[in-house]
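Participant: Spelled out from the first residue to the last, the chains are:
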Amino acid sequence: MTGLVFLIPIALGMGAFGLLAFFWAMRSGQYEDMDGAANRILTEDEEYGE
Amino acid sequence: MNAHAAMATFDPDTLQDHRFTVPGMRCAGCISKIERELPLQTGIAGARVNFSAKRVAVSHDATIDEAGIVRVLERLGFEAQPVAANPLAQDDAETRKLLLAVAVAGFGMMNIMLLSVSVWSGAGGVTRDLFHWLSALIAIPVIAYAGRPFFGSALMALRYRRTNMDVPISIGVLLATGLSIHETLTGGEHAYFDGAVMLLFFLLAGRALDAAMRDKARSGIAALLSHMGRGASVLAADGTAQFVKSEDLEPGMIMIVAAGETLAADGRVVEGITSIDNAMLTGESQPEPVSIGMTVHAGAANISDPVRVEITAVSGDTAIAEIARLMDEAGQSRSRYVRIADRAARLYAPAVHSLALLSFIGWMFAGAGWHQSLTIAIAVLIITCPCALGLAVPAAQVVAANTLLKQGLLIKDGSALERLAEADVALFDKTGTLTVGKMRPVDLGGLDQTGRAIALALAQSSRHPLSKGLAAALSRQGVVPLPISQIKETAGDGVVGDWQGVLVALRRPTAGGDGPASELSIGGKLFTILFTDALRPDAAETLAQLGALGIPSQIISGDRSLVVGAMAETLNLMATGELSPQAKLARLQSMKEAGHFPLMVGDGLNDGPALAAAHVSIAPSTASDVSQQAADAVFVGDSLRPVGSAIIVARATMRIVRQNFAFAIGYNLFAVPIAMAGLVTPLIAAIAMSLSSLIVVANSLRLFRAAG
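Listed in order, the protein sequences are those of chains A and B.
Note that the working numbering numbers the first sequence so that position 4 is 100, with each residue one more than the last.
Note that the working numbering numbers the second sequence so that position 31 is 387, with each residue one more than the last.
Just so you know, these hints were derived from the structure itself, not from any lab.
Be careful, since some hints might not be right.
Said to hold, decoys possible - Per label pair, the in silico range of CB-to-CB distance:
#1 B:695 <-> A:117: 29 to 39 Å
#2 A:99 <-> B:514: 43 to 53 Å
#3 B:496 <-> A:117: 35 to 45 Å
#4 A:114 <-> B:450: 18 to 28 Å
#5 B:368 <-> A:117: 23 to 33 Å
#6 B:951 <-> A:139: 35 to 45 Å
#7 B:1011 <-> A:130: 22 to 32 Å
Backbone N, C-alpha and C fix where the C-beta goes; we use that ideal spot for every residue, glycine too.
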């Protein structure tokens, strides 16, 4: 039973981390241009080192 | 982010940002082309493409203006238009809030489930109490945050003494939470935190889907709409021209209307000769020549030469304003349409409430004590809470809207899909709807390769609609223009140039024939190129398809009866020509009174009132802004096929929605007796809810294949 003392906070922490990551992604506009992101994979990037 | 650094250095203080819609972006190549080539232009510091919204954000300094950037984009091969500062931001914020609420509810649901599973599998004593406490700590803030959309809407409904789907949801969630808190405090056996949060999660998912669908269509349509801030160049007293917004125009001002511009106000021509295109206003397909002293109307496009126009009437009194007023009135009937989900809610909400109340009273009479009776009543509320019902409609409609989007049809909202499925007669405008609305050369067979290359070079340098049509047709054939020097365009006559010492010209024909034509001369050789406003490809097939679906079609047009009659004959349809906007509106209203559900397809300003009055309406993406806004759906591209697909998919959607409803009702018939018998534990509630939601979503996904 003492395992719970560690396991539950870890589980909650991981969930909370995921939630915070989603909030961050939302705020920073990661979902603004989904189709564009999918297409950009195909473009060749000539400018290295930027 | 700004991967494409400036060629020159820019002072960040002088940089401005402007956004342009570029509907023609289709592939990865377009993105890199725009982002790479634009900054090569002097004055442009950087460009960033938003592919989903078909927009480009350009940061530039004062050496280049919006019109200049549009020209640069045109040279790259993209039609572009500046957009006003984001008028749609607010709606995006709505979806964003819903998505965040879904995330929070999802987080809460999973963690509470984690704790609940161990309670279900037999944890007892201190462990169970501890887990209930932890669940409460997670659930209370989650419900407070994620429940707001429902609580707000339910409060609003109650304030107006009405009920909607959100009332039973809110009551169910709040009662379940309250009871669970009580259970936790008293160390009871069952806590329903998982049920309450799961309910919110599934319902929010439905809402978010619905909002995402509306956003997608809206941003698609916004990308098609032209610049909002219309106006005109007005001649000031000192002889300079100034841009004046349309609401600031006054009678007596002199507007300078360049070729290709749309008139912002009614007026009288005081200088210059030109032809104007009234197609948007009246449906008339032939450009009409105008000269000094003649009246021109706002909304008409000046196509050949610059003219000066003295304003006689402004925004409020123009011919357009009259159309806008008609549209306003016509649109009101549509707002009375009640969506199927709301119709279901009207029956559902009272039924759920009375069932819960009945079980409470019943168990009280049976002598169960208030605590047990209340627990059972709440179990009834939770298990009947419309998870499947809340997902039944949006899930199906989102899948359908996405399927249609791939075919080039943007549906504005779910109610449009419902109304499309009911349509039983179709009315088509002619110019720009059944036809492409652009002049295209009839036959270029008489021209050899050199002739075509010269024609393209000349046509490219002119803004005349015939030249544009010719250039478009030739470029599509893969013709490469020959270099021609000293190109000169004479207003009202044509384009002249020099090709290896030979005089070449693309002119208005010397001999007047019937229908629009151009004359290409190379040295002394003459070729006449005839133009016509061709039928959309697939027009006949689409009309036949509609007929097969039990939807007879008709043409209602503002164009001359002779032209309309000829087209009606080729398509074998009933047709009426020379209809005013009022007459079109009257036609639709009489049909509705006769019990029909007319589908209107039209593009011009003159179709606006009819589009607004129809049971459901579709406009092509080349339509006037007003028509696109009035229509329920907009189709992109030359083909008319999306109109047929729309009906097929809409009907399939309603079939799926009805199946989903039938399933949800069946589920309730099964679950409610169990709940009323007092046999529902949190475990059963959780299983029942997820299972019914999954089945509904899975059934809706079948629509991916609906359009075939």
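Participant: A separate judgement is required for each hint: does it hold in the structure or not?
Facilitator: Do the hints match the structure? See the list:
| no. | hint | result |
| --- | --- | --- |
| 1 | B:695 <-> A:117: 29 to 39 Å | holds, 36 Å |
| 2 | A:99 <-> B:514: 43 to 53 Å | holds, 48 Å |
| 3 | B:496 <-> A:117: 35 to 45 Å | violated, 23 Å |
| 4 | A:114 <-> B:450: 18 to 28 Å | holds, 24 Å |
| 5 | B:368 <-> A:117: 23 to 33 Å | holds, 31 Å |
| 6 | B:951 <-> A:139: 35 to 45 Å | violated, 55 Å |
| 7 | B:1011 <-> A:130: 22 to 32 Å | holds, 30 Å |
In terms of the numbered hints stated before, the structure departs from hints 3, 6, listed from lowest to highest.
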